[in-house]
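Asker: Here's the letter readout for the chains.
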Amino acid sequence: MRLEPKPAPALVVALLYPIAAIVLTLAFTSLLVLAAGASPFSVFYLVWRGAAGSQFALLETLTRATPLIFTGLAVAVAFRAKLWNIGAEAQLYIGGVVTVVLGTGLLPLPSFLLIPIIMIAAMAAGALLLLGPAVLKTRFGVDEVVTTLLLNFIVLLFVSMLLEGPLKDPMGLGWPQSSKVIAEAQLARIIHGKRLHYGFAMAIVSAFIVWIVMKKTVLGYEMRAVGHNPQAAAYAGIPVNRVLMKTALLSGGLAALAGFCEVSGLKGNLTLDLSPGYGYSGIVVAMLAMLNPIGVVASAIFVAGIFVGADAMSRSAGVPSYIADVMVATALLTMVVAILFTRFRLRWK
Amino acid sequence: MIALLGENGAGKTTLMNILFGHYVADEGAVEAFGKRLPPGDPRAALDTGIGMVHQHFTLADNMTVLENIALGTQGMWSWKLDRVGARERIEKMSFEFGLAVDPEASVGSLSVGERQRVEILKALYRDARILILDEPTAVLTPAETEALFATLKLLVAQGLSIIFISHKLNEVMAVSNRVLVLRSGRLAGERVTADTNRGELAALMVGQEVEPAPVPPSEPGPLQLVLNAISTQKRGSGVSLDRISLSLLGGEITGLAGVSGNGQAALAALIAGVEVPTSGEIIVRGTTARDWSPRAALAAGIARIPEDRHAVGTIGDMSVTENVIAERYRTPRFSSRGFLDWKASRAFAEEIIADYDVKCPSPEARIRLLSGGNMQKLILGRALDPQPSVILANQPTRGLDVGAVGYVHRKLLEARGRGAAILLISEDLEEILALSDRIIVISKGQLSPPSARGQRSVAQLGQLMAGHGMETA
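So the sequences go chain by chain: A and B.
Just so you know, this note's numbering puts 201 at position 201 of the first sequence, and the rest follows in order with no gaps.
Just so you know, this note's numbering puts 487 at position 138 of the second sequence, and the rest follows in order with no gaps.
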């Protein structure tokens, strides 16, 4: 059994691969659902209803998808250039830290000034956080998988320190949480009275901008070239290290926006559970989307839907909501295999 | 001893890989000693007594000769390596066949010739009765080649069968008993060596009398590129340059001959801008270059045809269009204000596809899917389109079929006619002799003084390639 390269499939055919991956995922998880003593069809129906069966459910899914779109974009951008940014979680938290530092009254400015300033500052912080590992990689060959992964823990502990110290909410009854951001620093709700905020719109716009960057600009071209073959890229005169730096800045900035949106649009303050692993799920989101920025939006909504839907399902069907993790993980595996088959065909000897 | 003769890309290596079980044949079967071999199973081939010495050695550099040879011969669960027994056998074999090598030496410290001996011992250690040698002389000096031939004759006298793969006529005539000639994947003819001659074999190899590209007399122009006392950093086991000087004149092809691994890679990397000199000057048309880089080299009008078109010359998973603009995407022709002009890029790709007769499905096709010859034509088009004044052609015809080779040669001669200075680096001495107006020999990171066309005989060049007389030449 071996793999042979084949020409890229047509777009319509290429879309069949993720669909096949999802079908396979459902088939695999059915077995687990059966093992848990429930009917797969009713469980999948309940997941579906919990994720998209009502206006409330749909809005909840989109709200949950917002940070995933940002971290998914961050990962997609970095992985395109083969910069293995596993640290979107850390960059997200740094974005959250900057948001509460600037947004809790330090800058008494109107919304239309304050929000852009916080956004830019958060992006800069996230960008700088990833620049460190990128410099270590290009200068000394330090593996960025290790550095970015470990930074996640460092930053989380750093945030914990801040929440017990300088950023601790004096009115918080001793809980490790920051003060709420002021009203001028909050993102408005898209529908009055619902949780979905304008961060979601920003995420969609960001995905579109990233798509343009990757597809139409010199930088996107350089990033793809560096990712596919750094040696040939360098030979052709593409400044590989500089491209990796720019990639790091873009990726870190995008991930930090996830933290900004969660604090400013949803939670209002910074806590240690700001992200239930959005940074890591971003890797899944990006891979499911085959690193395509527009695809990231779809796969983020898909992954968010499974999490939201599984929560609702577990309340009514009694199957643990951990099934969501299994589904997402299985989807990732089947998708990686599907991606392989878009580029290679299997040949039995 | 059978010689398998054929041009680059005729299918010699493919055929042997099928025989050895690396590749699976679409049709047909392999029989050895009356037994049918299962396809795609090197283990079965080894067990039957077929051994192969690959063109690129398959040795573990960090292990000793003994360990390399014994690797895989003892059971996976055996308690420990039977060093003493293995050592005795190796020493006995190396004595019998004149394959002198120290079993305890680390392979990383061996010369190319010694490594080849280890590879041959490895095959013999496994009781090979048919030994396949894939282009064994490509990496050897003339003297080492002679030694190898002596060993091979000894082995044949002991009853071994040897398949000797080569595209060099003189070697085939010197050692083989029988010759099979391959041409583009077909058997073009079979001859008894004693009853044939070089001319007949050459004709079989290329199909018809191919006219070598006519080489009109050169008209030397102004000095284009000067390297003045350049040294480069030593990297790993590669050979670095040591205070070499080189001048390239416009309108001339300078051929760089040498056994591979004598500093060609470092010199090519230097001129391409990939390598930065540790001392010395690079002078392009009278101006000393500072901040040497691939971009600086391109800006100075140096076109580069890299040795490895898959790993270095192209980005396999990107399209033809994306590949042809790789060296110039920042120019106003292809981008403005950070945005690429895909329309212009595509037009450029189509232009090169038409002008250089590239066979490819579309400019959007991934370049990985193209054949070696078509890939090389694209690289040639990309390099020559901006009318470069200096051309670095590193093994420009390696692995190409006869037609593509002639095409590359014609294009290089055309560029010479325009007044470009060309440095042709090739391991194929016949190519160097055919095209070069001046020949320089590289050996151990040193350059010989240039000689004009026909000034040095092949034997003299061979001496220089072996490192003899570099100082006095």
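Hints are supplied without guarantee of correctness; some may be wrong.
[Stated by the list, open to error] Cβ-Cβ distance ranges computed for the label pairs, FRET-style: (1) A:GLN231 / B:PRO735: 18 to 28 Å; (2) A:ASN241 / B:PHE382: 51 to 61 Å; (3) B:GLU630 / A:LYS216: 40 to 50 Å.
[Said to hold, decoys possible] The calculated DSSO-like cross-link candidates involving lysine-lysine, where the alpha carbons are at most 27 Å apart (straight line), are: (4) A:LYS246 / A:LYS216; (5) B:LYS517 / B:LYS793; (6) A:LYS168 / A:LYS82; (7) B:LYS441 / B:LYS502; (8) A:LYS82 / A:LYS267; (9) A:LYS216 / B:LYS692; (10) A:LYS82 / A:LYS215; (11) A:LYS216 / A:LYS82; (12) B:LYS692 / A:LYS246; (13) A:LYS6 / B:LYS708; (14) A:LYS215 / A:LYS6; (15) A:LYS215 / B:LYS692.
Honestly, the hints are just simulated from the structure, not real lab data.
Where a beta carbon is used, it is the ideal one built from N, C-alpha and C, also for glycine.
Asker: Evaluate each hint against the coordinates.
Answerer: Results for each hint:
no. : hint                            : in the structure
1   : A:GLN231 / B:PRO735: 18 to 28 Å : holds, 22 Å
2   : A:ASN241 / B:PHE382: 51 to 61 Å : holds, 57 Å
3   : B:GLU630 / A:LYS216: 40 to 50 Å : holds, 41 Å
4   : A:LYS246 / A:LYS216             : holds, 16 Å
5   : B:LYS517 / B:LYS793             : holds, 24 Å
6   : A:LYS168 / A:LYS82              : violated, 38 Å
7   : B:LYS441 / B:LYS502             : holds, 18 Å
8   : A:LYS82 / A:LYS267              : violated, 33 Å
9   : A:LYS216 / B:LYS692             : holds, 11 Å
10  : A:LYS82 / A:LYS215              : holds, 17 Å
11  : A:LYS216 / A:LYS82              : holds, 19 Å
12  : B:LYS692 / A:LYS246             : holds, 26 Å
13  : A:LYS6 / B:LYS708               : holds, 17 Å
14  : A:LYS215 / A:LYS6               : holds, 23 Å
15  : A:LYS215 / B:LYS692             : holds, 13 Å
Checked against the numbered hints given earlier, the structure breaks hints 6, 8 and satisfies all the rest.
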